[in-house]
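Asker: As a plain string of letters, each chain reads:
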Amino acid sequence: MAMAGAIISLIGAVFLFLGALGVLRMPDIYNRMQAGTKATTLGSILFLLGLGLGHFHKVCICKTIILVLFIIFTNPISSHALARAAHYIGIRLTKKTVLDKLHEEDREELV
Amino acid sequence: MTIITILGFLLIIIGLWGMLTRKHLFRIILGFSIIDTGIHLVIVSLGYIKGRTAPIFDADLSPIDAINRIVDPIPSALVLTAIVIGLAVTALMLVYVIQMHRHKGSLEISDYEELKW
Amino acid sequence: MIKRFFSLIFVVLLALVFLPLVTEIKPLSELGMTSAKYAEDGAAELGAANLVTSVVVTYRGLDTLGEVTVLFITTAGIGFMLRRKTILPEKKRRASEILKSGTSFLLPLIILFGVYIFVHGHLTPGGGFQGGVVIASAIVLLMLSDINMHPDHNILNWLESLSGAFYVIMGILGLILAGGFLDNRFLPLGEFGKIFSAGAIPVIYSLIGLKVGAELVGILNKLGREDK
Amino acid sequence: MILTIIIVLGILMLAAAFMALYLKDLLSAIIASGAISLMASVIYIILAAPDVAMTEAAIGSGLTTIVFLYALHLVRKKQEDKHD
Chain A
0 MAMAGAIISL IGAVFLFLGA LGVLRMPDIY NRMQAGTKAT TLGSILFLLG
50 LGLGHFHKVC ICKTIILVLF IIFTNPISSH ALARAAHYIG IRLTKKTVLD
100 KLHEEDREEL V
Chain B
0 MTIITILGFL LIIIGLWGML TRKHLFRIIL GFSIIDTGIH LVIVSLGYIK
50 GRTAPIFDAD LSPIDAINRI VDPIPSALVL TAIVIGLAVT ALMLVYVIQM
100 HRHKGSLEIS DYEELKW
Chain C
0 MIKRFFSLIF VVLLALVFLP LVTEIKPLSE LGMTSAKYAE DGAAELGAAN
50 LVTSVVVTYR GLDTLGEVTV LFITTAGIGF MLRRKTILPE KKRRASEILK
100 SGTSFLLPLI ILFGVYIFVH GHLTPGGGFQ GGVVIASAIV LLMLSDINMH
150 PDHNILNWLE SLSGAFYVIM GILGLILAGG FLDNRFLPLG EFGKIFSAGA
200 IPVIYSLIGL KVGAELVGIL NKLGREDK
Chain D
0 MILTIIIVLG ILMLAAAFMA LYLKDLLSAI IASGAISLMA SVIYIILAAP
50 DVAMTEAAIG SGLTTIVFLY ALHLVRKKQE DKHD
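Chains as they are written, first to last, in numbering that gives the first Met the number 0: chain A, 0 to 110; chain B, 0 to 116; chain C, 0 to 227; chain D, 0 to 83.
Bound conformation, chain A alone:
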């Protein structure tokens, strides 16, 4: 069981590393944010589950599952709010972008 936990944690760590690499390599802020959110969400979920499996104990597993649920709920919402704010203060997209739906809705959003 400890072995399985260690392997799952290692896979999670690989995803976290890929997320960090994506933050360094992506062309504009939105792509970077996507890499930094998607990869790290999966990475931290796997890491926590592996940690819970490694120290196999009823309380420990329950705590890591609660932590995973919190990450699943909060991480997408916060990165969505960040990306929206970045769009509204006028940070430009990379030149290869083909579609920008938020820009079209921008006008009628003002209250």
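Don't read these hints as lab results, they were simulated from the structure.
Every value quoted in this text rests on a predicted model; they were computed, and no experiment measured them.
Be aware that one or more of the hints could be misleading.
[Unchecked claim] Residues from chain C shown here face chain A by an in silico Cβ test under 7 Å; the list is partial: (1) Ser95; (2) Ile97; (3) Gly101.
In this text, a Cβ means the ideal position worked out from N, Cα and C, and glycines have one as well.
Position chains B, C and D against the provided structure of chain A, taking the given hints into account.
Answerer: Just chains B, C and D now, with coordinates in the frame of chain A:
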């Protein structure tokens, strides 16, 4: 942990340097909050004893042999209250800055020369 | 330039003051007398598993009372200075649908977490201050997701005053029924390590949590509402 | 191992302190000062003081940053009104 004490003193010195030399009022308050963090680090690091655990009793730590196994709880308790007060004082100073800006419209400390000699 | 030079001299002098402190201080090898007494008798006397909590709430309870007073005065000062409202009609951007529905789902969870932290203050790390801050951050999330929503000023004031008053009443009850001001032993100590234990410590810490939470929400509310 | 972590965190904290004092953009400076508190809370965990670590992480890096940002928002808004 002497290295953390040194780190705390360095943060105090950097914060004080910032408070003395920076012109912008927000930077002065940032320097104050850096000093705050440094002082908390110094106090907590003085209460640490090598190889001991946190002062919370559970299945592993019974109250009987606690005296040989826990770190000093008093610095933790003091810093706990100091952090909350630090937030309140920072908020109060920021409100002062907002008020000063409302009267004079400037955030540079060199523009406030009523008390200059 | 001359001012910068004097600042440099001042900072170097301060560093020279700190230098002997760093070199002379020996790391602690055992607890001091006060701490040793707390560590020996704290668990049996007060029945709280978290020794920091028993120091904050009971042994040094007067300090905490003073600290809460400082917070109260600060909040009053901020409210006094920001009382003039500049009313500017302004276009504001509504928060997005995802943030709104996410907030309505997350808000009870975060508040529950804050209550958990201050109710378990005598068993696990955490307590009134941390729980109050978590609740205040939940209110900030609410303020961000709904621009026109602001917590009611009167309710905050009442909550703060009532919890402060009950905190002092708890202290006086300790003075009358048990050993001294803010003594927690007028309620039964209960079984060590359970949630209903440690006498009045959970009650007092919950009151502190409510008071700190209400005060921090008040500060943020005044700073955030001012431009409305 | 723990000594390495402390040294890395310490260097990062000192760098963040200089960033908070010398960065041109005030917003970045405020966020750097929040990062100092976040790293300090990791150090408190190493120093076996979990209560202080929780408080520092919640107040120092959370609420203090929010208060600074609200104040910055108020001040910037006044300046924009003046320029109009």
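Asker: Now tell me if each hint is right for this structure.
Answerer: Now for the hints, and whether the structure bears them out:
At its closest, the beta carbon of serine 95 of chain C sits 6 Å from a beta carbon of chain A; the interface hint therefore holds under the 7 Å criterion. Using the Cβ-Cβ criterion of 7 Å, the hint placing isoleucine 97 of chain C at the interface with chain A is satisfied: the shortest such distance is roughly 5 Å. Interface hint at glycine 101 of chain C: satisfied, since its Cβ lies 4 Å from the closest Cβ of chain A, which is below the 7 Å cut-off.
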